[in-house]
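J.: The chain contents come next:
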Amino acid sequence: MDFTLLVLSSFSELFHPTTLIYVVTGFLIGTVFAAIPGLTATLALALLLPLTYSLDLTTALMACASIYMAGMCGGSITATTINIPGAPSSMMTALEGYPMQQRGQGAQALGHASLASMIGGGIGALLLIMLAPFVAEASLLVQTAGKFSLIAFALVVIVIAQRGRIVKAAMAACLGLMLATIGLDSMVPMARFTFGTEALTAGIDLMPVIIGTFAISELLIQARTIAEHKRLRQEALQAPAIRRRDFVPPLSSIREIGFWCYLKSSLIGYLVGTLPGAGGSMGSFLAYAEAVRTSREPERFGKGNPQGIAAAESANNAVCGGALVPMLTFGIPGDPITAIVLGVLIINGIQPGPQLLADQAGLIAPMLASLLFSAIVLIPLTLFLIGPYFIRIVSIRKDMLYGAIALLAVVGSYVATYSVYQMGLTLALGVLAYYLRKHDYPVITLLLGFILAPNLEEFLRRSLTLSQGDPSIFFTSMDSLFFIVLTVIFVYFLAIKRPVQYNSDKRSTSGIAK
Amino acid sequence: MNQYKTSKIPELVFPAILFATSLGYLTYSLALGAPISKGLPSPLFFPTVLGAVALLLSITLLYRAIRSVKDSSQEEKKEETTALRPALIVIATIAYISIFNFAGYFLSSLLYIFCIIAIFSDLKKPFVTAIGSIIITSMGLLVFEYVFRIRLPGILE
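As they're listed, the protein sequences go chains A and B.
Sequential numbering from 0 applies to the first sequence in numbering that gives the first Met the number 0.
Sequential numbering from 0 applies to the second sequence in numbering that gives the first Met the number 0.
Keep in mind that a hint or two might mislead.
To be verified - Dumping the calculated SDA-like pairs for lysine to any residue here, alpha-carbon to alpha-carbon at most 25 Å:
1) A:Lys437 with B:Ile90
2) B:Lys69 with A:His438
3) A:Lys437 with A:Pro87
Said to hold, decoys possible - Away from chain A, derived, C-beta distances all over 12 Å, residues of chain B:
4) Ile65
5) Val68
6) Lys69
7) Asp70
Stated by the list, open to error - Derived, one-sided and incomplete: chain B residues facing chain A with beta-carbon distance under 8 Å:
8) Pro42
9) Thr59
10) Asn100
Just so you know, these hints were derived from the structure itself, not from any lab.
Beta carbons: idealized from backbone N, C-alpha and C, even for Gly.
Just chain A, with the same shape it has in the complex (with noise of 0.2 Å):
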């Protein structure tokens, strides 16, 4: 109570106008950048990262978490209106809102999905601000087996949530962990892979690790497909106009949607967010699944049904709460997102995990207002004002676009030690991860391999140090065989077991063998 209390007094700190003009460029910058097929919010707050040096961290993190939600709302924009999703979360809100524009009603599948984001991303804030605290003290009594085996746990259901490609995830985590080794041990004063180099004694930092993954990778990316952006641009110029008042939904539409949808598919991108690695694409399409397993009328879905937008946009939005759990409470990022606002914290010297909330609840109090004024204000406020526009910004000459990212990037990364080697090292950590997703290997598992490696050694040897070197200390302890036997359980789920695809042909959902 005595931190739900601390989030509503902190709307004062929001409203100081100069805040207020950060969470709300924040926000507009997220939205640009979810709306862009190619690009996406995590690259925006990529870019941002190394300017949060110079602004007031709770300013920072205020306007991270208004990007984090615009990246999930803003991808609706084009996936509505020229049938391609801004972000992966989007995907499901696609094969709904496209038909509706096909029909005319492109400006309702808007004003729909943002209801549903704004009622979603809401739900999400709220249950953040009144769970966070349980789950912060409930994590206090975790002991050091169990640190490691609940790290080892996130770490696999990271690697296991990337269906199709498991191996290549694990040697992407792999990459990541050996990267975070390079240095001088945390424990024992000796330098480990630094090759007699001295600029590696210190190891490599998290801004050029980020900054490569998300920016420079994207811009070689990019790079290799010129025509696709030609195409986007004609696409985009050629959608209708949009009215204004052609936004609101009628209230006949939202009535037969119904409350219980927006609050169970809210519910599941909660639940779905606190997973690691899960995020809004997960988190959308098992809402959707679960709308047209209890539909009465699941014939009507893919033709432009605005239930289906409403539960895809209710669950990514809520997934931005469920995501800050993990990593507020245990210092273990959920998605991209969370994993560069655990930078942001860790690069001003604030260390994440379970003492996080008790002793700096006066920094993360704001974070979480700015979530939920986000969701509640901002996203309607945002589609009502400039949403006309909304379709223009995919024909912004992307030329230039990746002009101003390349500059942001590589000056960017200088700006955090005033240092050419971290330019060089996020080009060459960026070309690494360039060749890695050309390859289909998921950098998300790099990167949070790399954030997670300092924790998972030291508890590991923790671990063994205070057992003897004995590993049965890691199946005695019941907290760690707690995580050990959650970790078999997704194995099974996510791994073994056949997985429920959607069908978009018969409209239902079926087993398929892997």
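Since the structure of chain A is already known, use the hints to place chain B on it.
T.: Relative to the frame of chain A, chain B by itself:
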């Protein structure tokens, strides 16, 4: 070996590099010292275990890649891509980093952005590209120097 299999050989390169990296990592880790010292894990315990896991994974990936080359019976449809542009971007970035401190932010960034835009636009409109470069460099200066108070090299020096 027919032309289809020959065209798939480059796909072996990346898994082979990963295998070499994993093997090198594990070997170097063992060369640095013993993973266990006096019955307790040393600073090299985690890297050794990690190296072994990575080696197993890389062997699996390499095996799959080799099988893929042997089993390929028809040429797969290739998406329209180019490797030249990414290579040019990397070269331009290396050059930019090299002259960044020497030439200062404005001049080096102007040249760099011009190169990036030219690469993405195939230099179809050089005048527009030049104007765009100036605008983007100036806006970057504004954002870094005046909004976020970050000192950049070569400004007013």
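J.: Provide an ascending list of the numbers of those earlier hints which the structure does not satisfy.
T.: none
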